[in-house]
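Participant: Kindly produce the complete structure, drawing on both the sequences and the hints.
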Amino acid sequence: MHAAHSIASGMGGMRTTGDLVARLQLNKGMRIEQAKQYVADKLKVPVTDLADSVTMGEMREDLNIGVVNEAPGVAKGIDAKFRIAELLDLDINCVDMFKDRVKP
Amino acid sequence: MGKIRTRLGDGSFIELLEEEIYEDLVDGTQDAAQKGRIPPLSEDELRYLLDLYKSKARVVGVDEGHECCLSYDNMTSKIERAHISVSKFQQLQLFERALGADTLELAHIDYSYKQVKHVVIYDKPNMEQAVLLTIPPMLYGAMPNLGLYTYPDGPCPNPGDLLPQGKFDEAKEAYAQAIELAIKDMIFVGSELYEAGADGINFDTTGAAGDAEFYAALKAAETLKAKYPKMGIEMGMAGEFILGMHGEIEYEGVRLAGLYPHDQVKLAQKAGVTIFGPVVNTGTNESLPWNLARSVTFTKACSEASEIPLHANLGMGVGGVPLNIMPPLDALSRASKAHVELCRLDGL
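In order, the protein sequence lines correspond to chains A and B. Each residue of the first sequence is one higher than the last, beginning at 1 in the numbering used here. Each residue of the second sequence is one higher than the last, beginning at 105 in the numbering used here.
Calculated from the structure, these hints are not laboratory results. Just so you know, nobody snuck in bad clues.
Computed footprint of chain B on chain A, listed as stretches where at least three residues anywhere in the stretch have a Cβ under 8 Å from a Cβ of chain B:
1. 30-43
2. 82-94
List time: in silico SDA-like cross-link candidates among lysine to any residue, alpha-carbon distance up to 25 Å:
3. LYS182(B) to LEU198(B)
4. LYS103(A) to GLN233(B)
5. LYS374(B) to LEU90(A)
6. LYS182(B) to LYS228(B)
For glycine and all other residues, C-beta sits at the position ideal for the given N, C-alpha and C.
Facilitator: The structure is reproduced here in structure tokens:
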């Protein structure tokens with residue numbers, strides 16, 4: 001069922017920018033058009049590219065914000081989220097907590 | 105033209121003529137319009153739905169540009185309950201890497217806040233590790249499940265026993281006690297998991313026990329939002345209509361009994377919810393065209409009334425999806441496309 005919805009209607013998560021758009025929905029309460037526009041502006045791409053796995057896959061690689069097929073040395077998990085927080089100018093709870101934990 | 109193969113709400117096949125499908129679409133939207141006092145679908149929208157059923161495509165999808173974000177309920181139990189031997193972390197990674205998930209959700213197999221309270225000390229470190237491992241926004245989810253607070257499962261008298269005896273005041277008092285305990289548990293679990301790094305909390309299947317449960321979830325959301333202003337809060341509903349089991353409970357001066365999704369969302373918004381999940385029940389004796397037109401009518405009115413993102417519930421037995429543990433692709437993809445495109449949905 002989840003795979004079917006993802007294919008029929010989903011943004012594609014980390015394959016594209018679905019996770020970034022979802023962050024704006026969940027933590028800023030932005031509706032889809034506004035959230036997509038926000039992400040597109042930050043990435044400097046047209047909204048129409050946001051759900052494309054080729055364009056966004058390359059962009060994710062360039063920005064080092066996490067990719068599906070991880071290679072050695074690329075950002076994984078929390079380190080990708082540090083970059084996402086900066087890129088989207090957004091507070092991410094676990095990133096803020098991590099910073100607090102390692103504060104001298 | 106010959107007959108078109110579609111299904112009943114229980115998933116079984118039926119064959120209908122094109123005009124019969126159109127009649128069902130009209131009946132479905134009229135039923136929603138009458139019950140919800142909302143506008144029915146337009147002629148163009150009904151024709152759009154008819155074309156979906158005339159299509160012989162096994163799977164359909166939204167047009168480019170209409171893609172939306174997906175959120176889930178009880179994510180880490182979906183694979184667990186199929187008895188596939190993978191850990192919660194591995195399940196989250198499967199959704200993240202293999203299933204195109206836009207959001208993730210950590211959950212306890214006994215998916216109720218009351219039950220989670222006892223294992224929060226174990227799920228908190230799970231959350232702390234999960235957010236180190238994964239990238240998409242992470243929720244922690246469970247159900248308010250007010251029924252667990254009454255006999256024989258909980259400490260409060262059971263209104264279900266008291267009401268048939270005509271003990272209305274005692275039943276209301278029992279609800280008041282259960283509400284207080286449920287709010288406390290939701291705030292406790294929500295706080296603990298947010299402080300473990302979650303991006304948000306999901307109140308899933310809200311209102312299953314009626315107006316008292318909806319009230320408890322709204323109050324918990326309100327308190328959590330005041331405590332953690334940056335917390336994301338998703339509230340998914342249990343049914344299309346708030347059952348008036350208590351009958352007199354109000355939130356912000358609005359009586360909760362009898363509210364349909366377009367009124368539910370306004371209260372959720374006031375309480376601080378950031379994503380709302382409307383539900384429209386699937387009638388198993390009616391055709392899928394009837395069910396889909398009805399569900400789209402309710403969901404569209406909800407979307408138009410909402411300022412926050414809507415992730416409509418389109419799982420088994422809701423949103424025009426058949427009540428079957430393995431919803432068929434043809435039916436599910438049609439429901440998915442129709443809701444997203446006609447209701448301007450933000451997610452599912």
